[in-house]
Every structure is written in C-alpha cells, then in structure tokens.
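S.K.: Residue numbers (our numbering), protein chains in the order written: chain A, 1 to 504; chain B, 1 to 398.
Don't read these hints as lab results, they were simulated from the structure. Note that the coordinates shown come from a computational prediction; the quantities given were computed from them, not determined experimentally. Keep in mind that a hint or two might mislead.
Chain A regions said to be covered by chain B (calculated; three or more residues, Cβ under 8 Å) [what the hints assert, rightly or not]: (1) 40-48; (2) 71-78; (3) 90-101; (4) 240-246; (5) 325-336; (6) 351-359.
Even for Gly, the Cβ is constructed at its ideal location relative to N, Cα and C.
Each chain, letter by letter, is given below.
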Amino acid sequence: MKPSGHAVLQVSSAPAVPEVVRTPCRFRNAIGKYRLRRSSACVACGKCAEVCPYGVHEKKIHKMATPKHYLCVGFSCNKCVEACPENALSLDENPVTKVIGDRRWTPDLLISTWYMAETGLVPPGDIEYKIGDSGGGFDRLEFNFLKEPSRDLDMDRFSTKLRLNRLGDGRHDIEIGLPVYGGGMSYGSISLCTMVARARAWQAWNSFTCTGEGGFPEALYPYDDHVITQVATGLFGVREETIQRVRIVEFKYAQGAKPGLGGHLLGDKVTPEVAKMREAVPGSSLFSPFPFHSVYSVEDHKKHIDWIKEMNPKALVSVKVSTPTDVDMVAVGSYYAGAHIIHLDGSYGGTGAAPEIAKKNIAMPIEYAIVKVHNFLKEEGVRDKITVIASGGVRTAYDVAKAIALGANGVVVGTSEMVALDCIRCKNCESGRGCTRGIATTDPELSELMNVDWAAQRLINLFAAWRLQFIEILDRLGMTDIRELVGRTDCLRHLDYEAAKAVA
Amino acid sequence: MCPGQIITKTINPEYDAMGDEYWTPDIISRQWYQAETGSIPVSGAGYPGPFSGPGFDDMWTDMSEIVRPTRDGIHGREYISTMVSLGRKRQSLVFDEKGRVVVDPLREVEIPIPMIFGTLPLGSLSLDVYLAMAGAAAELETLIEIPVEVWDKAFEAHAGYIVPVLPVEQIKTHDYLIDHAPAVEILDAEGSDEILRGLRADYPDAVLMVKTALGGRCPQRVETLSEIGVDVIHVYADRNGNVKDQDKTWFVKDAVRKVHNHLVDRGIRDRVTLIASGGIAMAEHVAKAIICGADAVAVDIPLLLALECRMCLRCTKGLSCPVEIETVHPRWGKTRIMNFIAAWRNQILEVLGAMGLREVRRLRGEVGRAMFFEDLEAQTFGKLFGKRLAESSQRVSE
Numbered sequence: 001m002k003p004s005g006h007a008v009l010q011v012s013s014a015p016a017v018p019e020v021v022r023t024p025c026r027f028r029n030a031i032g033k034y035r036l037r038r039s040s041a042c043v044a045c046g047k048c049a050e051v052c053p054y055g056v057h058e059k060k061i062h063k064m065a066t067p068k069h070y071l072c073v074g075f076s077c078n079k080c081v082e083a084c085p086e087n088a089l090s091l092d093e094n095p096v097t098k099v100i101g102d103r104r105w106t107p108d109l110l111i112s113t114w115y116m117a118e119t120g121l122v123p124p125g126d127i128e129y130k131i132g133d134s135g136g137g138f139d140r141l142e143f144n145f146l147k148e149p150s151r152d153l154d155m156d157r158f159s160t161k162l163r164l165n166r167l168g169d170g171r172h173d174i175e176i177g178l179p180v181y182g183g184g185m186s187y188g189s190i191s192l193c194t195m196v197a198r199a200r201a202w203q204a205w206n207s208f209t210c211t212g213e214g215g216f217p218e219a220l221y222p223y224d225d226h227v228i229t230q231v232a233t234g235l236f237g238v239r240e241e242t243i244q245r246v247r248i249v250e251f252k253y254a255q256g257a258k259p260g261l262g263g264h265l266l267g268d269k270v271t272p273e274v275a276k277m278r279e280a281v282p283g284s285s286l287f288s289p290f291p292f293h294s295v296y297s298v299e300d301h302k303k304h305i306d307w308i309k310e311m312n313p314k315a316l317v318s319v320k321v322s323t324p325t326d327v328d329m330v331a332v333g334s335y336y337a338g339a340h341i342i343h344l345d346g347s348y349g350g351t352g353a354a355p356e357i358a359k360k361n362i363a364m365p366i367e368y369a370i371v372k373v374h375n376f377l378k379e380e381g382v383r384d385k386i387t388v389i390a391s392g393g394v395r396t397a398y399d400v401a402k403a404i405a406l407g408a409n410g411v412v413v414g415t416s417e418m419v420a421l422d423c424i425r426c427k428n429c430e431s432g433r434g435c436t437r438g439i440a441t442t443d444p445e446l447s448e449l450m451n452v453d454w455a456a457q458r459l460i461n462l463f464a465a466w467r468l469q470f471i472e473i474l475d476r477l478g479m480t481d482i483r484e485l486v487g488r489t490d491c492l493r494h495l496d497y498e499a500a501k502a503v504a
Numbered sequence: 001m002c003p004g005q006i007i008t009k010t011i012n013p014e015y016d017a018m019g020d021e022y023w024t025p026d027i028i029s030r031q032w033y034q035a036e037t038g039s040i041p042v043s044g045a046g047y048p049g050p051f052s053g054p055g056f057d058d059m060w061t062d063m064s065e066i067v068r069p070t071r072d073g074i075h076g077r078e079y080i081s082t083m084v085s086l087g088r089k090r091q092s093l094v095f096d097e098k099g100r101v102v103v104d105p106l107r108e109v110e111i112p113i114p115m116i117f118g119t120l121p122l123g124s125l126s127l128d129v130y131l132a133m134a135g136a137a138a139e140l141e142t143l144i145e146i147p148v149e150v151w152d153k154a155f156e157a158h159a160g161y162i163v164p165v166l167p168v169e170q171i172k173t174h175d176y177l178i179d180h181a182p183a184v185e186i187l188d189a190e191g192s193d194e195i196l197r198g199l200r201a202d203y204p205d206a207v208l209m210v211k212t213a214l215g216g217r218c219p220q221r222v223e224t225l226s227e228i229g230v231d232v233i234h235v236y237a238d239r240n241g242n243v244k245d246q247d248k249t250w251f252v253k254d255a256v257r258k259v260h261n262h263l264v265d266r267g268i269r270d271r272v273t274l275i276a277s278g279g280i281a282m283a284e285h286v287a288k289a290i291i292c293g294a295d296a297v298a299v300d301i302p303l304l305l306a307l308e309c310r311m312c313l314r315c316t317k318g319l320s321c322p323v324e325i326e327t328v329h330p331r332w333g334k335t336r337i338m339n340f341i342a343a344w345r346n347q348i349l350e351v352l353g354a355m356g357l358r359e360v361r362r363l364r365g366e367v368g369r370a371m372f373f374e375d376l377e378a379q380t381f382g383k384l385f386g387k388r389l390a391e392s393s394q395r396v397s398e
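Produce the complete structure using the sequences and hints provided.
M.R.: Structural data, given as structure tokens:
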C-alpha cells in the first residue's frame with residue numbers, strides 16, 4: 001500500500017519528448033489506402049525498390065518481397081509503376097477501405113492514425129489525417145492560417161504544456177506535456193495490457209490515463225502519478241486507498257456516449273478477475289445506476305467533492321459531465337463546488353458499450369458545448385479559475401487544436417488511442433470475444449494478441465506526431481504556446497458560414 | 001493474416017441495395033435484429049454517423065446531469081410509465097347545486113405504449129400477416145388499424161384491439177362497428193364535417209378517430225375536428241415522413257409541431273389526442289415525434305420490417321415479395337413484432353430516464369427537453385461566423 005498524500009510537485013521543466021521508435025502493425029497484412037499488384041511479368045530487377053521513397057518494395061535475393069502496401073501513398077507518387085521495365089506493377093485503391101471506418105472515423109483517418117502510431121510522423125501523400133466526413137462540427141471548421149508551413153522549425157521554441165490546477169489552492173500544481181490526456185476506460189472494458197500500455201505512454205508524455213469505473217488494478221501502481229482514478233455512479237472498485245494513490249480524482253457523472261445512463265459492462269466481459277475487482281458476480285452484466293443516487297443538487301455535489309478532498313488532501317478533482325442544454329450551469333456549479341477541472345464529454349464520444357439510441361441522440365455534440373461553457377465561465381468571471389477539458393469525438397491533432405480554439409484548455413482522447421493500437425472500429429467492443437484486435441477485451445486468449453511494450457510505443461508515437469502538428473498549427477497562427485490558442489475563435493472559420501465563403 | 005493477401009471483405013451488394021434513402025439498409029437490418037432478439041441494439045465505439053442530418057436527425061434529446069430530477073429507468077430499477085390515453089378530455093367539470101359532479105369522464109382508451117399499429121402503406125399483405133399484427137397488438141394491449149374492407153371473421157379473437165378504418169362516406173353502412181370496436185378511424189375528406197357531427201351526436205361515448213393529412217392547413221383542420229368533438233386525430237405524412245404542401249416539403253416532426261403549437265395557442269391542446277405517422281422508423285423517432293407534440297405514434301412499415309421485409313417495393317408494383325411475407329405464420333410474426341416493440345419501448349425508457357421523466361405523457365411537446373440543430377448552430381457558430389450559407393441549411397433540412 002502506498003502512503004496517502006504526495007508532496008506538492010513543482011511545475012516540471014520542459015517536458016521530455018519521448019523517443020519515437022518505429023513500431024509496425026502487429027498483424028501480417030497492415031491495411032493501407034492503396035494496393036499494389038505485381039504480375040508474373042516481374043523479373044525481380046529491383047527497380048521499384050530503388051525508386052520508392054516510402055519503403056514499399058524490398059528486393060530479396062531472387063525475388064521481390066510482397067509489397068508493404070500500407071506504406072504506399074498512391075497515385076500522387078506512382079514512381080514504381082512508371083519505373084517498372086516489365087509493366088508488372090499496377091496500383092489501385094484498397095477495396096478494404098470500403099468496409100472499414102465510418103463517417104466520423106473515415107478509412108483515411110484510421111489509416112493515418114495507424115501510420116502515425118507506427119512512425120511518429122504525419123502521413124505523406126493524400127491520406128487525410130485532419131478531418132473526418134461527418135459533415136459538421138470539427139469536420140467543417142478550418143484554421144485561418146497566417147502562413148504556409150515552415151521547414152526546419154525550432155521545436156524548442158514552442159510549448160504544448162498545460163497546467164491543470166488553476167485554483168492555486170496549494171494542491172498539486174500539475175503541468176502536463178501535451179494538452180491531452182487519456183479518457184476513462186475501465187478494467188473490464190479493455191484488457192489489462194491496454195490499460196498498462198496507456199499508463200506507460202502517458203507517463204512518458206508526462207500526462208495522465210484514467211482508470212474508468214472498474215477499479216485500480218495493481219499493475220497500474222507503478223504509474224500512480226500518471227493515473228486518474230474515477231469515482232462513478234456504480235462505485236465499482238472505489239476504495240479510500242485508490243483515491244489516496246493518485247494526483248487527480250475524477251467524478252464521472254455522465255458519459256458522452258450514453259448521457260443519462262450509467263456504465264455498461266456486458267456479462268461476457270465480466271471475467272472472474274474483473275468481477276473480483278468490482279466485487280460482482282462473474283458473467284453477470286453490470287449496469288451502473290444513473291445518476292449518483294446521493295447527488296441531487298449542487299450542494300450534494302459539493303459534499304462529494306469535499307469528501308474526496310478530505311480523503312486526499314493534495315488531489316485535484318475533475319468533474320466529468322456530459323453535454324445537456326444546461327451544461328454551462330453545470331460547469332459553473334462544479335467550479336463553485338470546488339472542482340479544478342470540468343471535463344465535458346460530448347455526445348459523440350467513445351464507449352466500450354452503449355445503446356445505439358443513446359450514442360446518436362442524447363445530449364449535444366462537444367463543439368457546441370465548449371463554446372457555451374467557455375463563454376458562460378467568462379461571463380461569470382471564473383474562466384481563469386477552472387480548467388476546461390473537452391472530449392467526445394476528438395479524433396485528430398487538428399480536432400484538439402480546434403477544441404482549444406473554441407475555448408477548451410485541453411482535451412481527453414480515447415478512441416484515437418484504440419485506433420493507434422490497431423483497432424479497426426468494428427464496434428464489437430461490448431462483446432466478450434468481439435475484439436479481434438485484442439484491445440477492448442478481457443478474454444485471456446485475445447488479450448495475448450498484444451504486448452505492453454508494443455502498445456505503449458505505438459501510443460507514444462501517435463502523440464509525437466500530434467505534437468508535431470500542434471507546433472505546426474501554432475507556428476502558422478503566429479503563436480508559440482498552445483495556451484495562446486484558448487478561445488481564439490477568430491483563428492477559425494466554418495465552411496458552412498458566409499464569413500468562410502468571403503475568406504475563400 | 002492470409003499470407004497471399006487473397007481474402008478481401010466487401011459489403012454485400014444486396015445489403016447496399018436494400019431500401020431507399022430514408023429506409024436505409026442500416027435501419028432495416030437493425031429492425032431485423034430487434035425483431036429477432038427483442039434486445040436494444042448495443043455496441044461499442046462511439047456514434048459512427050453524420051454530425052446531423054435531415055428529418056429526425058436534426059434534433060438531440062436532452063439529459064439531466066446533477067441539478068434536476070433523474071430517473072434510473074434501465075431494467076426497471078425505477079418505474080417509468082409509457083402509458084397513454086387516447087381520447088378527449090373534458091375542459092371543465094360541471095357541478096349541481098349540491099356541489100356534486102354531474103358529468104362523467106369521457107371515454108378513453110388506455111394503451112401501455114405510446115404506439116399503435118397504423119395502416120400499412122405497402123406490403124404483400126395476407127390474412128396471416130394481419131393476424132400476426134393483430135395478435136401482437138392484442139398481446140401488447142395496444143390498437144391496430146385495419147381497413148374495413150379486409151375484415152375477416154378470424155379477427156374476432158382480437159376485436160377488442162382492432163380499429164376499423166373506413167372512408168367517411170362508408171360510415172353509415174358500417175355504423176354497427178362503432179358499438180363494437182374500441183375506436184373507429186374515419187378517413188377525412190371534403191364535406192365530412194356534417195357526418196362527423198352526426199356521429200358525435202349519435203354516439204356520444206364512442207372514441208372517434210379521424211385521419212387527416214399533415215400540411216399547411218392541418219392545424220386549422222385539427223382545430224375544427226376538435227370542435228366537432230373528434231376524440232383522436234391521426235395526422236399523417238408519407239411513408240418517408242414528408243409532407244408536401246404546395247411548393248414546400250416539410251418533415252413530419254416539424255408539421256406535427258405546428259399542429260401542436262396551434263392547439264396550445266388556442267388553449268385546446270388537451271381536448272384531443274394527436275397520433276402522428278409517416279417516417280417512424282426507429283425507437284428514437286417515437287420519442288422525437290412526441291417531443292414535437294404527438295401523444296402517440298402509429299407505426300407501420302417497421303411492422304413489415306419485423307417480418308423480414310427488405311423494402312424492395314416490388315409489392316407496390318404488383319410483383320411478388322422476395323421473402324414471401326404473405327406466407328408468415330401468425331405466431332412467428334406476432335412474436336417478431338412483440339420483440340421489436342419491446343426493444344423500442346426499452347429504448348424509449350432509456351431516453352425518458354436520461355431526460356429525468358417518469359412518464360411518457362410528460363414528454364409531449366416538451367421541446368425544452370430537446371435541442372435542435374438550427375438553434376444550436378445559431379447560438380454557437382452563428383454568433384461566431386455570421387450567417388449560415390443557404391445551401392448548407394438546405395442540406396440539413398432536406
């Protein structure tokens with residue numbers, strides 16, 4: 001057991017940027033946007049390998065290796081096809097892209113995220129890595145950049161750090177290396193391997209992962225200082241000791257994917273280990289109640305925050321809520337109740353399991369809620385006293401930057417992490433043996449499809465690529481610190497509005 | 001994992017070809033799932049669809065967070081009522097000189113779900129199909145509208161739940177139905193007011209329903225029908241929820257909202273029950289139609305989908321049904337329909353619980369528990385970026 005309470009930490013110096021190590025897909029056939037076909041006319045002359053700048057082709061002793069299709073950038077390059085003396089190569093779009101992805105996570109976004117997780121770099125070619133195809137919100141917002149991207153940026157000139165305690169109340173003064181941390185995913189919704197890998201990656205980025213509502217597995221103990229433990233309506237796995245382990249405690253009132261409903265963990269995923277952690281019965285579905293049955297007013301809410309603060313005198317308290325029409329009032333209420341962080345989870349957020357009617361219909365998308373809350377906190381004169389964190393449909397580095405420009409201080413991500421671990425977004429996470437990639441599963445056999453080292457490095461790489469994009473965005477907006485971007489809606493335009501048309 | 005990379009998954013072209021732009025393959029296949037299992041569709045990962053869309057997709061329902069009452073409706077942990085009453089309400093009581101109430105309550109039909117089964121706009125229909133649907137309606141204790149011309153003695157077992165539907169000019173020849181059916185639905189037509197007044201006078205206790213088209217004149221027409229004393233007014237759009245009105249096309253929810261608001265403005269909303277139909281394809285549509293002002297909805301095409309209809313529309317051209325719906329076994333069909341209704345009801349409970357409502361009757365017209373795309377855009381991006389481009393607005397409303 002770890003003794004309760006920590007010393008107040010000093011704000012760390014410039015965050016170390018973790019090392020990027022190339023970490024390819026763990027499956028034999030990584031999925032790419034394009035597919036090369038090599039006919040029997042190939043004489044293995046190796047010309048294609050010579051001209052390809054992306055490492056798609058490899059010449060072996062007597063033959064060419066199977067092309068690494070997923071590295072191919074397509075028709076914008078086409079060098080190998082043109083250089084082949086035997087006309088043995090042809091290029092087309094990979095038909096698999098018609099089956100994977102959806103309007104929010106398009107095939108391009110999946111593929112680009114996989115690329116970033118492998119390389120730590122922005123994908124070359126025409127693979128879209130900034131927006132999806134939802135037709136609204138982030139996907140219709142663009143930055144009003146002042147200049148073209150610069151070459152050879154001095155990265156050290158830029159800061160992507162975010163301080164989380166704006167109350168100055170003597171509690172932990174926490175500064176995270178990126179304006180991003182990991183969202184709550186419980187032991188049960190994801191594998192232990194996934195949990196530990198997330199913790200390790202966020203530790204490397206000097207940021208946080210979150211336990212979700214499923215207890216605090218011992219395997220996370222080495223990462224205590226980078227773990228947010230969640231107190232949600234089911235109180236699964238919540239103990240005094242878990243609250244005292246950490247630097248941030250999160251009260252989860254609601255989740256964007258199923259606002260107004262409690263957490264869902266279907267019976268197939270409730271293994272004996274998960275059940276033990278949650279003090280429940282193996283195989284029995286666990287539906288958390290809604291709401292906290294001890295919170296029916298702001299006063300009750302304050303009572304709970306006080307309870308956490310009393311139990312862990314140094315911890316910051318985050319309040320995670322969804323986005324109802326009065327989300328601005330909820331945010332102000334949370335501030336007056338003593339919260340350090342108000343975490344808004346928009347209606348298009350991720351989940352391990354949710355009724356589809358809830359995912360689609362309940363509460364407002366995060367893009368609206370950020371603006372509403374930011375403005376109301378400003379009007380109330382308390383905007384500088386609370387950290388606003390947004391989540392729920394934040395998929396890319398550009399989404400992060402847009403959320404900040406709309407008024408958030410930082411964001412929480414989840415699905416992007418899963419995609420970095422090779423999730424194909426088949427949406428079967430609710431099922432015990434549904435996750436064919438071994439990420440959102442508690443099945444012992446499927447869990448073995450991944451190991452912690454590989455997974456942690458993929459996450460580190462993804463956020464390294466995101467950091468590059470944050471810096472490029474800042475540079476193009478004439479800024480050097482991500483904090484300058486907060487609430488700068490003047491840096492944005494919406495393509496469905498006349499102002500954007502005028503700019504165009 | 002295939003070393004030769006010779007296996008490729010593709011979308012079944014037959015799946016893609018199902019339905020139309022409104023009755024999408026996704027809606028159809030989800031309906032099949034619910035009819036088979038009776039379960040709410042639950043899945044992992046976030047919502048995969050567009051930001052917003054036309055019709056019912058340009059609104060979101062609200063939820064309660066901390067500072068409002070909430071209900072924990074899931075799995076019946078807290079009771080949420082989905083019962084609605086169909087009929088007129090008295091606007092006032094009358095007392096005698098001794099202070100005794102001298103008027104009886106008007107007759108109402110109570111149903112445990114805010115859904116009746118509407119007349120079917122298409123389908124390869126047979127007696128067995130109707131028996132499956134009527135059997136389900138009876139079991140669920142709701143009502144089913146059946147055109148009088150398809151009446152069969154076999155329906156008698158479920159007669160207490162069958163609402164005969166007939167043109168106004170036929171009511172005189174079928175007036176015996178009024179005494180035997182829980183309600184009678186009359187198709188509205190020009191010049192029907194006198195007949196309806198006569199019926200009201202002759203059958204003061206009967207539940208009279210009138211089915212009238214939504215559109216620009218509908219609010220006034222509903223007011224008139226209410227004055228005549230019609231108990232239930234069934235307002236309808238086409239099967240895709242569209243209401244064509246001169247040069248304009250509205251969507252059912254917007255047209256219902258107009259009717260509801262008109263009745264509220266006139267102070268007569270509680271005099272009548274409004275049932276809406278057309279384009280009700282998913283459980284969320286029931287809740288949204290009620291938020292827009294309906295007391296209940298009439299479900300039609302989803303009944304056929306429950307029987308494995310693919311919305312190929314061959315039946316509308318007189319061609320054979322590829323799944324031979326007409327041959328369904330009534331018991332099998334009844335179970336499938338009850339399953340999907342159970343799944344829909346549970347989903348309605350989910351959204352009611354999230355909104356903190358303890359009964360569906362309180363949802364009627366509660367636009368305060370909903371958020372509309374147009375409003376949110378105006379309040380958020382409109383303030384930041386000025387006027388929304390006309391073509392963008394059109395794209396959403398289409």
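S.K.: Take the segment 71-78 of chain A, compare each residue's beta carbon with every beta carbon of chain B, and decide whether three or more fall closer than 8 Å.
M.R.: With 0 residues closer than 8 Å to chain B, the segment 71-78 of chain A misses the three-residue bar; violated.
S.K.: Are there at least three residues in the segment 40-48 of chain A whose beta carbon sits under 8 Å from a beta carbon of chain B?
M.R.: violated (count 0)
S.K.: Taking a Cβ-to-Cβ distance below 8 Å as contact, does the segment 351-359 of chain A have at least three residues touching chain B?
M.R.: With 9 residues closer than 8 Å to chain B, the segment 351-359 of chain A meets the three-residue bar; holds.
S.K.: Are there at least three residues in the segment 325-336 of chain A whose beta carbon sits under 8 Å from a beta carbon of chain B?
M.R.: Answer holds; 6 residues pass the 8 Å Cβ test.
S.K.: Go check the segment 90-101 of chain A versus chain B for me, would you? Three or more residues, Cβ under 8 Å, otherwise it fails.
M.R.: Our answer is that it holds, as 4 residues pass the Cβ test (under 8 Å) against chain B, meeting three.
S.K.: Would you say the segment 240-246 of chain A counts as covered by chain B, given the rule of at least 3 residues with C-beta under 8 Å?
M.R.: Not satisfied, violated; 0 residues make the cut.
Violation of the numbered hints given earlier is confined to hints 1, 2 and 4; the remaining hints are satisfied by the structure.
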